[in-house]
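Enquirer: So you can see what is in the structure, the chains are spelled out below.
Protein chains: 2
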Amino acid sequence: MTTTTRQPLNGVDTPTLFATLDAVKASPELAKFQFRAANRWVSGTHNRTTIRGFFGAGQEDSTRTEDFVYDADHPAVLVGTGNGPTPVEFLLHAIAACLTAGIVNVAAARGVTLREVRSTVEGDIDLLGILGLSKEVRNGYQGIAVKFEISGDAPDDVLRGLVEQSRARSAVYDVMTNGVPVSIDVRTS
Amino acid sequence: MTTTTRQPLNGVDTPTLFATLDAVKASPELAKFQFRAANRWVSGTHNRTTIRGFFGAGQEDSTRTEDFVYDADHPAVLVGTGNGPTPVEFLLHAIAACLTAGIVNVAAARGVTLREVRSTVEGDIDLLGILGLSKEVRNGYQGIAVKFEISGDAPDDVLRGLVEQSRARSAVYDVMTNGVPVSIDVRTS
Chain U
171 MTTTTRQPLN
181 GVDTPTLFAT
191 LDAVKASPEL
201 AKFQFRAANR
211 WVSGTHNRTT
221 IRGFFGAGQE
231 DSTRTEDFVY
241 DADHPAVLVG
251 TGNGPTPVEF
261 LLHAIAACLT
271 AGIVNVAAAR
281 GVTLREVRST
291 VEGDIDLLGI
301 LGLSKEVRNG
311 YQGIAVKFEI
321 SGDAPDDVLR
331 GLVEQSRARS
341 AVYDVMTNGV
351 PVSIDVRTS
Chain R
171 MTTTTRQPLN
181 GVDTPTLFAT
191 LDAVKASPEL
201 AKFQFRAANR
211 WVSGTHNRTT
221 IRGFFGAGQE
231 DSTRTEDFVY
241 DADHPAVLVG
251 TGNGPTPVEF
261 LLHAIAACLT
271 AGIVNVAAAR
281 GVTLREVRST
291 VEGDIDLLGI
301 LGLSKEVRNG
311 YQGIAVKFEI
321 SGDAPDDVLR
331 GLVEQSRARS
341 AVYDVMTNGV
351 PVSIDVRTS
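Residue numbers (the working numbering), protein chains in the order written: chain U, 171 to 359; chain R, 171 to 359.
Treat the hints with care, as some may be off.
Because identical chains cannot be distinguished in the list, a pair is counted as satisfied if it fits within a single copy or across any two copies.
[Claimed, not checked] Straight line, CA to CA, 27 Å or less: simulated BS3-like cross-link-like pairs of lysine-lysine:
| no. | residue 1 | residue 2 |
| --- | --- | --- |
| 1 | K305 | K195 |
| 2 | K202 | K317 |
| 3 | K202 | K305 |
| 4 | K317 | K195 |
These are calculated hints, taken from the structure and not from any lab test.
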């Protein structure tokens with residue numbers, strides 16, 4: 171790889187990306203991050219999450235000046251009020267977004283100019299599990315299918331290699347395929 | 171359990187909830203759902219997901235009349251442009267929202283009046299994994315901690331039981347703790 175690939179590309183500040191990698195290599199504790207969300211019940215299955223603060227690179231973030239706010243709900247057919255997508259649909263958003271961001275970063279690092287990255291995600295779920303009507307059916311998705319359409323200034327195998335490298339380094343793909351320990355603490359009043 | 175518990179409660183149409191359970195019990199194929207999302211790259215790590223259509227209860231949904239649209243991005247400290255939360259933060263939203271909706275449904279079914287349900291979610295992640303700087307560190311969260319504060323018209327053990335039943339039937343908790351098969355298909359041009 172030559173230094174000519176280390177130019178800003180695809181909207182990615184590639185020189186800063188490599189400088190960040192070097193900085194973390196020198197001080198691995200900078201890599202410890204904590205992300206956070208706060209949720210409150212609104213009514214029925216409708217609830218609202220606020221996302222803002224996080225810790226990373228050795229300090230609390232101060233760049234976010236406003237909350238990100240997201241509603242979730244069940245649709246009418248599941249006796250909800252449809253004031254937002256279902257929680258499981260946000261999982262589909264998360265994996266598409268994570269893989270796409272990775273594809274674009276990897277492309278910038280490899281000097282590949284992208285024109286378009288689109289994806290669709292489908293998640294199949296049999297609600298007999300969560301409805302308590304079958305012990306054989308799991309609660310969650312039985313499978314998730316992601317389909318990418320990528321257009322860029324590189325041959326087919328190079329473009330496919332971007333997706334593969336993104337998958338191999340995706341935080342959401344790891345969580346969703348391998349699982350993660352989740353603790354639940356309750357305080358009542 | 172007496173029929174007096176089958177009144178609308180906490181904003182949940184409990185009679186319809188039980189009628190829906192009965193309908194699915196009689197026709198289990200109604201429980202097959204497919205949720206979907208579509209994502210497109212904007213610039214750099216910024217991308218946008220659209221959520222609307224889904225299949226369930228034997229037909230395509232027609233109740234959603236507008237798209238739900240969500241941006242995701244990496245923050246500046248990770249060389250993004252901060253136009254949305256990171257993809258992994260949407261996982262925290264998803265689990266809080268799913269557990270909360272479940273708590274409220276279970277409370278309605280059990281005749282428990284809720285006053286407040288709040289939660290915070292923290293996800294710890296060491297980016298040495300996704301940055302490719304350590305083979306020992308996983309890409310995803312190392313652990314997720316959910317903390318609920320629940321206030322309602324029932325003793326402590328009954329309120330805790332709502333959370334436990336919600337956890338036991340949560341689609342997002344299942345996906346995030348047990349993982350799910352994810353296929354990735356690529357078309358290039």
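Enquirer: Hint by hint, work out which the structure violates, then give me just those numbers in ascending order.
Expert: 4
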